[in-house]
Amino acid sequence: MLSVHEVTTAYQGLVAISAVSIEVAKGEIVCVAGANGAGKSTLLKSIAGAERPRSGTVTFDGKRLDGMAQHHITATGIAYVPENRRLFPRLSVRDNLRLGSYLYRSEANREEPLDLVFTLFPRLSERLEQRAETLSGGEQQMLAIGRALMTRPRLLMLDEPSQGIMPKLVDEIFQAVNRIRDAGMTVLIVEQRMAECLEIADRAYILQTGRVLMQGPAAEIRGNPDVRKAYLGL
Amino acid sequence: MTAETIIQSLASGLLMGLLYGLIAVGLALIFGLMDVVNFAHGEFLMIAMYVTFFLFTFFAIDPLLAAPLAAAALFVLGAVVYLVVVRFAMRAKANVGMVQIFATFGLAIVMRGLAQLFFTADYRSVPQSWLGGKTVSIAGIFLPQPQLFGALVAIAAFGGLYLFINRTDFGRALEATREDPGAVALVGIDKNRVFALGWGLGGALVGLAGAIMASFFYIYPDVGASFALIAYVTVALGGFGSVFGAFAGGIIVGLVEATTALVLPPSLKSVGIYAVYLLVVFIRPRGLFGSM
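Residue numbers (the working numbering), protein chains in the order written: chain V, 1 to 234; chain Y, 1001 to 1292.
Incorrect hints may appear among the rest.
Covered stretches of chain Y (chain V as the covering partner; in silico rule of three or more C-beta atoms under 8 Å from a C-beta of chain V) [said to hold, decoys possible]: (1) 1063-1072; (2) 1187-1201.
FRET-style restraints, in silico, Cβ to Cβ [what the hints assert, rightly or not]: (3) V:P89 <-> Y:T1168: 18 to 24 Å; (4) V:E107 <-> Y:D1180: 25 to 31 Å; (5) V:A35 <-> Y:R1286: 24 to 30 Å.
Not close to chain V: a few residues of chain Y, all C-beta gaps over 10 Å, as computed [to be verified]: (6) V1080; (7) F1149; (8) L1163; (9) A1173; (10) L1255.
Just so you know, the hints here were simulated from the structure itself, not pulled from any lab data.
None of the values given here were measured: they were computed from a predicted structure.
Virtual Cβ for every residue (Gly too), placed ideally from N, Cα, C.
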């Protein structure tokens, strides 16, 4: 479904990811793990069009994405939830969700994903009139995922959804990711919390200083002695 | 000074103030949307007045009917100015603020120069119009009809703008872009399109104002300058970027101007406006309705 082929992206001459290739098949949950600065966020930005790769190709269902404008990439069916969430802070929860379905004209298409969003995150439905900035960190993450789901994506990309959130809500969010896949979407998730991420993922990649260090089925990577020692603290 | 004179002055001041608000709101809208001050705002007004003048001269279209056409023309002008000038000014690698100022200021000078070249520096006027020279008397107060009509258009325009921003999808996109232009692509919105339409909308509003003013002000290439100055004061008074602030600021400016004219010689009628402006800047720099 998504194929990233030898993508290199640099900021002002500094290479953040170097010839990274990953594949995501339809219906999978794929986890990209790695330490801070490994290039995980850059990888997602390069796919979403928030950064332009210096070389390499990104293909989504046969369509070339690299070089496409970011808003056009959203329209191809990729929803991207960036690390800092980028909600519209002074707009209400309702308006943030409503903006998610901006691309759709028919009211039925616009309302349809709301059921899923409220099933996953019931507390959002209680806070519809609140400004986004008044939500807790966890609720903001829920809203960011909710807004992304409103675009009716085929592929959902999450950048560190557990960041700045209390542990109880982290579980809730990883649960939600599972159910989003059950609803027919594909998920690419980038995380520092490798243990939780590997638990829900089908396959995983480990990035280190901008390169793919290791890849394979999540269970296999979880069982790898080096990974257990270096990343999982076991 | 009788009570009637005072009421008469305040009533005229109110009408003029609503028009000031209409002139200023486009400036406030664009600033609120993208933090850019359009220094060619007065020249937009000037162009709208010429559009109205030429529609009258060549096609005998009354300024009343010309207003929507002038608004449409200025919508196009606003969008084109964004796409051709401002969009590139915003890409500056350093000192973006200064680049924007010089870009729109330069544009103002170019527009004024072109107006002098093509329209000459002659003072023009729309010699007769449906409402021109007519007044209406309400409870002993005489109100000039063109100004009265202008005030009604201003109120309607503000009401329409309010509904547009708060009730439509595009209005919501405008608010979202104003909050975080870098984030709207996440929901598939093209920020450049929103910016261009924002400039178009700002242009259309000043276009309406220009068409109304063409029926009772002289039209010449520099006409925008003095009104633009008042528009900046109006916007700063109301709170930069606040659409409602522009409305309230306009009314205040109109009333203060009328009051000053009552107590000071006519040549000093602007003194009051700038005094109030200084006072607000000292006491409440973000303006009366501005949020920080």
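Hint check:
Counting residues of the stretch 1063-1072 of chain Y whose CB lies closer than 8 Å to any CB of chain V gives 0, so the stated coverage by that chain is violated, three being the minimum. Residues of the stretch 1187-1201 of chain Y with a Cβ under 8 Å from some Cβ of chain V number 5, which satisfies the need for three, so the listed coverage holds. At about 21 Å, the beta-carbon gap between P89 of chain V and T1168 of chain Y stays in the expected band of 18 to 24 Å. Range check, E107 of chain V to D1180 of chain Y: about 26 Å between beta-carbon atoms, so the 25 to 31 Å window is met.
Taking 24 to 30 Å as the suggested C-beta distance range, the pair A35 of chain V and R1286 of chain Y does not conform, at roughly 44 Å. With 10 Å as the threshold on Cβ separation, the claim that V1080 of chain Y sits away from chain V holds: the shortest Cβ distance comes to roughly 21 Å. Residue placement check: F1149 of chain Y keeps its beta carbon more than 10 Å from all beta carbons of chain V (closest about 36 Å). At roughly 16 Å, the least C-beta separation between L1163 of chain Y and chain V is larger than 10 Å, which holds for a residue marked as non-interface.
A beta-carbon of chain V comes within 10 Å of the beta-carbon of A1173 of chain Y; the shortest separation is about 6 Å. Every CB of chain V is more than 10 Å from the CB of L1255 of chain Y (nearest about 31 Å), matching its label as outside the interface.
The structure shown violates the earlier hints numbered 1, 5, 9.
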